[in-house]
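Just so you know, the sequences run in chain order A and B. Once you know that position 49 of the first sequence is 49 in my numbering, the rest is easy, because the numbers rise by one and skip nothing. Once you know that position 134 of the second sequence is 1134 in my numbering, the rest is easy, because the numbers rise by one and skip nothing.
Just so you know, the hints here were simulated from the structure itself, not pulled from any lab data. From the three backbone atoms N, C-alpha and C, an ideal C-beta is built for every residue, glycine too. Hints may be right or wrong, so weigh each one.
Here chain A is said to cover these stretches of chain B; the calculated rule only asks that three of the stretch's residues, wherever they fall, bring their Cβ under 8 Å from a Cβ of chain A [to be verified]: (1) 1171-1181; (2) 1185-1193; (3) 1229-1239.
Listed next, the in silico DSBU-like pairs over lysine-lysine satisfying Cα-Cα at most 35 Å (straight line) [said to hold, decoys possible]: (4) A/K132 to B/K1180; (5) A/K107 to B/K1175; (6) A/K132 to B/K1175; (7) B/K1180 to A/K107; (8) B/K1180 to A/K117.
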Amino acid sequence: MTSDAILSVAGLDVFYGASKILFGVDLEVGRGRTLALLGRNGAGKSTTLKAIAGVAPPRKGNVRLGTSNLAGSRPDAIARAGIGYVPEDRQVFPMHSVEDNLAIGAKLGPQGQDFWKLETVYETFPILARMKERRAGLLSGGEQQMLTIARTLMGNPEVLLLDEPSEGLAPIIVQAIADLIRKLRSMGVTIVLAEQNMHFCLGISEDAAVIDKGHIVYRDTIQGLKANTEVTKRYLAL
Amino acid sequence: MLEIDALATCLSTPACLVNQTTSGLIIGMLLFLVASGVTLIFGVLHVINFAHGSFYMLGAYFAFTVYQLTGNYFLAAAAGAVGAAIAGIVFERLIISRVYGQNVLMQLLVCYAFILIVDDAVKIVWGAEYLAMGIPAEFRLPPYRIAGGFVPPFYLFLVAMAVIIGLGSLYVVTKTRFGKIVRAAAHNASMVSALGIRVPIYFALLFALGCALAGVAGALAAPVRSLTPGMGLGILVESFIVTVIGGMGSIPGAFLAAIILGLTRSIGSVGFPLFVDGAMFMMMALVLIFRPTGLLGQGTLR
Chain A
1 MTSDAILSVA GLDVFYGASK ILFGVDLEVG RGRTLALLGR NGAGKSTTLK
51 AIAGVAPPRK GNVRLGTSNL AGSRPDAIAR AGIGYVPEDR QVFPMHSVED
101 NLAIGAKLGP QGQDFWKLET VYETFPILAR MKERRAGLLS GGEQQMLTIA
151 RTLMGNPEVL LLDEPSEGLA PIIVQAIADL IRKLRSMGVT IVLAEQNMHF
201 CLGISEDAAV IDKGHIVYRD TIQGLKANTE VTKRYLAL
Chain B
1001 MLEIDALATC LSTPACLVNQ TTSGLIIGML LFLVASGVTL IFGVLHVINF
1051 AHGSFYMLGA YFAFTVYQLT GNYFLAAAAG AVGAAIAGIV FERLIISRVY
1101 GQNVLMQLLV CYAFILIVDD AVKIVWGAEY LAMGIPAEFR LPPYRIAGGF
1151 VPPFYLFLVA MAVIIGLGSL YVVTKTRFGK IVRAAAHNAS MVSALGIRVP
1201 IYFALLFALG CALAGVAGAL AAPVRSLTPG MGLGILVESF IVTVIGGMGS
1251 IPGAFLAAII LGLTRSIGSV GFPLFVDGAM FMMMALVLIF RPTGLLGQGT
1301 LR
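Bound-form chain A, shown alone:
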């Protein structure tokens, strides 16, 4: 997998003020693959994604997309380089319509990719097409989650970072989000999925990494992780 990694993260250290949150985090994601980054609440999943996206700039380490090192760049430069970040708390623009939210995210990909535009997004997310005039602040939690994912896709990223997309949503909506991520995967989108819930990731991702107290403690396929009850008990059991 090393040779065809599209995103590789090496030795990432992140501090919030004086406290160290990430300790030398290493991750590799193959092109077109989905990596589940699993861990308990506070283990460092969100911070890892934020560090990759430049929202929480790392103090040390590399973030390579293709050949360029993005660590230390501003979030907007990292987004233009092809990393699309979907935050866990959704952060739709509540006073803008659904369509305006999407329009704000619109840009070409780093190689001029233009697959994702309003038509393709509406085809993939029919629920957003029905609500395109509605103010984003009036959508349900699940609809807002769809909108944030779609808004980031509008920027034609090469890698999509999804931070706990199932958090706080009703089971039936969680199912819809899982179906959507599977659909994106089948379309060839490379995804890093931060999640607490391994079962949510089972049918979605191929690869898994487990993070605990800011250290990556385990790396395998998701099926391998599922079979390793010692690791799942120690790091993931609630």
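Following the hints, complete the assembly by docking chain B onto the known chain A.
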């Protein structure tokens, strides 16, 4: 203090009514342009541009000089807007962006320093004495007579320009991609930036738009007001009153409040000449007591 008789006479005389309304609209429209810049900048950047009057003054002086050089008022007005916009970008990038999100006293101090520097710079370049542009050649036409009152053609032009520019800025803010991005960034700049947008450039451009509005107001005021270093201060105070009454962040609110204030000034100068300023501040106080978000304000730019 109250000149009830004079007020009643004027309100019942069409000619006087037309004259006072016209001059009220002139005051109101200049206030509207300046205040809509204040309100735009506050609505998006959450910073009160205490130096906004300086861009009004610069707009007037730029227009004065270009009119002297070319004799073309339209060119002069454009120069006022563009010159103020460029000065605004420099001020935003070099000075005010460094105090975004900081204590308002720090912002006030920085703006006040800028006001003093620009006032002195104007004294050095244009001199400390009053300058008068006079009504531009294009508008030296006999006044229109409406119901016995006199309405100079330039006044009509001024009001029309202010309305067109006001509608134009409303369109830019609500309908264009620029406006959508800027409003989203007002709400959540870090998310907009995570979508790949260079937020600081958008903020600088918005600041420039606000300053261009002040600059064009200065250029429109140049033919009807005298130019003097420090001329920005008076209109700054009044445009803050307009912004507070209309509602921070609301362009339609600024329009409504500016007309109310303009008419209060012009009709008040007949009816209660000693209490015109008092009446304006009283209105502001009443709005702050009974409707603190202003007549049409919602607290932030939406």
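Which of the listed hints are not met by the structure?
3
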